[in-house]
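Trainee: Letter by letter, the chains look like this.
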Amino acid sequence: MNKFFKASLLANVFVGMSSFSTITDIDRSTGLVKVEGDVNCEDLASTLYNLVSVFAPHTSQAELTGIWFDAYWTCLDSGLRYSEFEANP
Amino acid sequence: MSKHPFVIIFFIFSTLSFSQNLRVDYNAEFYGLDIDKNLKPNKEQQAGLDQVERMMRNAINSQTIVLYTKPNNQFLLEVEDKMTVDGQMSSNLGRSVLKLHTYLYGLDETTVLGYNVGEDFIVEYTNNVVEWTITSESKDILGFKCFKAVPKYLQSYKQKEISSYPNEVWFAPFINKRGGPYKFTNLPGLILGVTSSTATITAVKITEIKEDKIVPKIDKQIITEKQAYLNAKAVGAAIESRMMK
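Here the protein sequences come in this chain order: A and B. For the first sequence, counting from 1, position 49 maps to 214 in my numbering; every step adds exactly one. For the second sequence, counting from 1, position 143 maps to 363 in my numbering; every step adds exactly one.
Hint data in this document are derived by calculation from the structure and do not stem from the laboratory. We put the beta carbon where it would ideally sit given N, CA and C, even for glycine. Treat each hint with caution, since some may be false.
Calculated from the model, a selection of chain B residues having no Cβ within reach of chain A, i.e. all distances over 10 Å [claimed, not checked]:
no. : residue
1   : L242
2   : R243
3   : D256
4   : P291
5   : L296
6   : R315
7   : I342
8   : E344
9   : I361
10  : L374
11  : S376
12  : Y385
13  : D439
Label-pair restraints from in silico Cβ distances [unchecked claim]:
no. : chain 1 : residue 1 : chain 2 : residue 2 : range
14  : A       : N215      : B       : L374      : 30 to 36 Å
15  : B       : V337      : A       : N215      : 26 to 32 Å
16  : A       : N215      : B       : V424      : 33 to 39 Å
17  : A       : N215      : B       : N247      : 27 to 33 Å
18  : A       : N215      : B       : D432      : 44 to 50 Å
19  : B       : E428      : A       : N215      : 44 to 50 Å
20  : B       : N387      : A       : N215      : 25 to 31 Å
21  : B       : K372      : A       : N215      : 29 to 35 Å
22  : A       : N215      : B       : E388      : 27 to 33 Å
Work out the full structure, taking the sequences as your base and the hints as a guide.
Mentor: Right, here's the structure in full:
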């Protein structure tokens, strides 16, 4: 998989999850990031959910759920349309 | 409800009375995640938390929040996502952080109904789960003197849920209407400001209107706030169980 998506959205998180995706190039003029490898949107959303529940323990359940779904849909909308949800609904 | 004496005096002798319905536009501002200061995230974790903060800020900035007062002390609050495109799923992250629904309908003195587009139930909020302390602390919002009221939540939820709820509300006794960007509105005046540990909502414009805003149909199952909380917990548990696999 070789995809482009907007740097401002999820670049930092993808760098932190480089076991299954790698940022190979950033075009600063367009704000697009080139990614190689499969990105599992469910794993990405879960990583953020876990981070917030650990480091911001007062975050409500509704907010955590909102964070999970926002990250999940943003990831899919970024053009990295790979997800276990889609593959195995 | 405890009331400071001069708040009561202001309320009783208030001379500004709006006979027409009002439209109140609000702005929301996100402060940031309420990070536990005893925990030190590493660089990668911090990058993830920064990303979540950007998501939350974007989600809140994209919300338009408008209140319409109605006859008989009713009100309708509409919270819409400016970025929503027809046919695309709208994120509810902004509304989750602000503790609001797509619509809040102040039905009567004790009850507010919360609707979300795409959900098959309506949540009923009753004022008897909040105890107010009205303080003498005041500030002006749009030229109206507002008093700070501090809610005490009586629900038996986990403390983390309660901690995320708004911790102060600013209401204008001079505006003889009920309502605000908040689920509990049994205060003697319109709510012009709401503050929680992560965000604040403030009125930025008030206009008199002739129309009586139409309320969306109440054609779904009405559930209690407690049931809505349990539903949210169940969704969270489902997410967490998938993580364990």
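Trainee: Now, for every hint given, state plainly whether the structure supports it.
Mentor: Hint check results:
B/L242, annotated as away from the interface, keeps every beta carbon of chain A farther than 10 Å; the closest lies near 29 Å. Distance check for B/R243 against chain A: the nearest CB is about 27 Å away, which clears 10 Å, and the non-interface claim stands. Some Cβ of chain A comes within 10 Å of the Cβ of B/D256; the nearest lies about 6 Å off, and the non-interface call is violated. With a closest Cβ-Cβ approach of about 32 Å to chain A, B/P291 is found to remain outside the 10 Å limit, as its non-interface label requires.
At the 10 Å boundary, the C-beta of B/L296 stays outside the reach of chain A, the nearest C-beta of that chain being 22 Å off. The Cβ of B/R315 sits about 8 Å from the closest Cβ of chain A, inside the 10 Å cut-off, so the non-interface label is violated. At the 10 Å boundary, the C-beta of B/I342 stays outside the reach of chain A, the nearest C-beta of that chain being 16 Å off. Non-interface status of B/E344 relative to chain A is upheld: no Cβ of that chain comes within 10 Å, the nearest being about 16 Å off.
With a least CB separation of 26 Å from chain A, B/I361 remains clear of the 10 Å interface cut-off, as annotated. Residue-level check passed: B/L374 sits 17 Å from the nearest beta carbon of chain A, beyond 10 Å. With a closest Cβ-Cβ approach of about 15 Å to chain A, B/S376 is found to remain outside the 10 Å limit, as its non-interface label requires. Not every CB of chain A lies more than 10 Å from the CB of B/Y385, the least distance being 8 Å, so the non-interface label is violated.
In this structure B/D439 is separated from chain A by more than 10 Å, as the shortest Cβ-Cβ distance comes to about 23 Å. For the pair A/N215 and B/L374, the supplied restraint of 30 to 36 Å holds, since their beta-carbon distance comes to about 31 Å. Remark: the range hint 26 to 32 Å for B/V337 to A/N215 is upheld by a beta-carbon distance near 29 Å. Checked against the hint of 33 to 39 Å, the pair A/N215 and B/V424 passes, with Cβ atoms roughly 36 Å apart.
For A/N215 and B/N247, the hinted distance range of 27 to 33 Å is satisfied, since their beta carbons lie about 32 Å from each other. A/N215 and B/D432 have their C-beta atoms about 47 Å apart, which keeps the hinted 44 to 50 Å range intact. Against the hinted window of 44 to 50 Å, the Cβ-Cβ separation of B/E428 and A/N215 comes to about 49 Å, which satisfies the hint. With their beta carbons about 26 Å apart, B/N387 and A/N215 fall inside the hinted range of 25 to 31 Å.
A C-beta distance of roughly 32 Å is found between B/K372 and A/N215, which places it inside the suggested range of 29 to 35 Å. About 31 Å separates the C-beta atoms of A/N215 and B/E388, a value consistent with the hinted range of 27 to 33 Å.
When the structure is compared with the earlier hints, violations turn up for hints 3, 6, 12 and for no others.
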